[in-house]
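Q: Protein sequences appear in the order of chains A and B.
Counting along the first sequence from 1, when you hit position 213 you're at 227 in the numbering used here, and nothing is skipped either side.
Counting along the second sequence from 1, when you hit position 279 you're at 293 in the numbering used here, and nothing is skipped either side.
The set of hints was computed from the structure by calculation and includes no laboratory data.
Among the hints, erroneous ones may be present.
As the list claims (entries may be wrong) - Simulated restraints, written as ranges between beta carbons of each label pair:
1. A:W46 <-> B:Q28: 53 to 61 Å
2. B:G96 <-> A:I150: 49 to 57 Å
3. A:G180 <-> B:W46: 53 to 61 Å
4. A:I150 <-> B:A239: 30 to 38 Å
5. A:E137 <-> B:D122: 24 to 32 Å
6. A:D205 <-> B:E234: 35 to 43 Å
7. A:P92 <-> B:E31: 41 to 49 Å
8. A:W46 <-> B:E31: 46 to 54 Å
9. A:G96 <-> B:P203: 50 to 58 Å
10. B:W46 <-> A:R44: 39 to 47 Å
As the list claims (entries may be wrong) - Computed, partial: chain A to chain B, Cβ under 10 Å:
11. G22
12. A23
13. W46
14. A244
15. R249
16. A269
Source: prediction; values computed, not measured.
C-beta atoms are modelled at their ideal positions from N, C-alpha and C, and glycine is treated no differently.
Number of protein chains: 2
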Amino acid sequence: LSEPPGTGAREVAQFLELLQLEDLGGDVFRAWNPPTTETRFQLSLFGGQVAAHALRAAQLTVAADHGIHSLHGYFLRPGKDGAATELTVDRIRDGRSFTTRTVVARQDGEAIFNLTASFHRDEAGGDFETPIAPDIPLPDELLGEQESRFDRMGVESPFERLDVPGYSFREASDVPRRAMWIRLRTALPDDAALHHCAVTFLSDMGVLGAVRASRGRMGEPAMAASLDHAVWFHRPVRADEWLLYDIHARSTASARGLGIGTMHTVDGTHVVTVAQEGLVRLPD
Amino acid sequence: LSEPPGTGAREVAQFLELLQLEDLGGDVFRAWNPPTTETRFQLSLFGGQVAAHALRAAQLTVAADHGIHSLHGYFLRPGKDGAATELTVDRIRDGRSFTTRTVVARQDGEAIFNLTASFHRDEAGGDFETPIAPDIPLPDELLGEQESRFDRMGVESPFERLDVPGYSFREASDVPRRAMWIRLRTALPDDAALHHCAVTFLSDMGVLGAVRASRGRMGEPAMAASLDHAVWFHRPVRADEWLLYDIHARSTASARGLGIGTMHTVDGTHVVTVAQEGLVRLPD
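For reference, chain A alone in the conformation it holds in the complex (with noise of 0.2 Å):
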């Protein structure tokens, strides 16, 4: 964690410049990874940003009036930032409704990731949500508690953080719930796709911390890797305003957790869903 100064306009143009592809030919693209000093969040390309390149790829193979409701992804191997990745995108399915993509993502020539992404238009039907839960301060509660926390995770430090107290990071909890206000810190284009591939970004922070304190180990050193990653998008969001990231556990076993996390926005709308597994391996 850093604390950098300014407004964070400088970093969330940074972030925008990470979502510009190269565009290589016979839908391959190239996204450039800037190299990072480590942080505790990593030890190599942060998963989030790998997820957000490939969707980047898959959205540009996509007509504008289909929008990404969900991806299902895998964290095939270890990536490394200062270095390309190069994305792959197979356009499967081409439906009136629906178009579905996959993409694979390679560094030296190897998988380090694959996704299928699907893309509907819009149409209306269904008004049923996951309600926020009771026990959550809004941000500005918070604030008066507490400065946003800077996070840098492959990018410099894009987002800011309000941390719930009882289910941050920095607690000691044996309560298996990680919970935060993340937003970007400037404002972002008025780009649907773009807003998608930010929270695609953030929705890799979070969940295995959730599974470690599930194990009540929070404080100890582990080797914690993401294993796959879903992502449904259920109504339009924005990286740009406050998004509640609600994130519990629901099993571990065998090294393995997932935690299963929503996303609303300040008025309690639910607009995302996550799940991710995480492999946990902690020294007996």
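Got chain A; can you put chain B on it based on the hints?
A: Coordinates of chain B only, in the frame set by chain A:
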């Protein structure tokens, strides 16, 4: 629904036969889908059958000491019964601890389903689980009140089911939840891989029921189709012993609904988690 006589031994044997794939060489396999009469659960090929076939194909290319721990798939196009499915496996990663496979299921050359499946060599660590809901009666209690039901889903009733009152298909409830106890009618061999296929098969039941219940319009005709499907296998599971499948809708919007379910043994052990999004179009 039908209530076939006898012990179910013939139906379970037919189910095992369904999982026998023909090896065409080069990691391509062929599955046969027997013709079925249409039921209200099914307009065409049952999704769980395609998913089980894809998992089976992946298993046949993986060392026996690596067991499935998660799978993520997308239903791309409707399949048909009375026809073969061709399953092409890609050995995307062979690791010491983890092995990953992608599978594309095709009929008449068109992709109908794609799957990524991840296998893990058994290791120790973790003992947290989602508890069984306190309002769930045990199978023995339900058997005093109802007879088990037999679901025909592509194959002839290898499963028997007990509905949990209040959360069943037969009630026009608007509680966004479906809960049932389900098992194969007779024993399967002691081969964990076959039990995983059977659990995958049955995991495609009930989720869209929970989604429809969240819209309070269970009784009406609707167009409903599974879009994606994810299963996490947390602990050893047998498909021939009662499993509670407890499914909650989490969101419905834009004609899409997400349900998340957990499976538990009679002693409450949390063995499996399932997430599925479906398209549910109801008339205005």
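Q: Evaluate each hint against the coordinates.
A: Hints versus structure:
1. A:W46 <-> B:Q28: 53 to 61 Å: holds (54 Å)
2. B:G96 <-> A:I150: 49 to 57 Å: holds (52 Å)
3. A:G180 <-> B:W46: 53 to 61 Å: holds (55 Å)
4. A:I150 <-> B:A239: 30 to 38 Å: holds (34 Å)
5. A:E137 <-> B:D122: 24 to 32 Å: holds (28 Å)
6. A:D205 <-> B:E234: 35 to 43 Å: Since the Cβ atoms of A:D205 and B:E234 sit about 38 Å apart, the hinted range of 35 to 43 Å holds.
7. A:P92 <-> B:E31: 41 to 49 Å: Once the Cβ atoms are compared, 42 Å apart, the range 41 to 49 Å for B:E31 and A:P92 holds.
8. A:W46 <-> B:E31: 46 to 54 Å: The hint (46 to 54 Å, Cβ to Cβ) holds, given that A:W46 and B:E31 are roughly 52 Å apart.
9. A:G96 <-> B:P203: 50 to 58 Å: holds (51 Å)
10. B:W46 <-> A:R44: 39 to 47 Å: Once the Cβ atoms are compared, 43 Å apart, the range 39 to 47 Å for A:R44 and B:W46 holds.
11. G22: violated (31 Å)
12. A23: violated (33 Å)
13. W46: violated (24 Å)
14. A244: holds (6 Å)
15. R249: holds (5 Å)
16. A269: A:A269 check passes; min Cβ-Cβ to chain B is 4 Å, inside 10 Å.
When held up to the earlier numbered hints, the structure conflicts with 11, 12 and 13 and fits the remainder.
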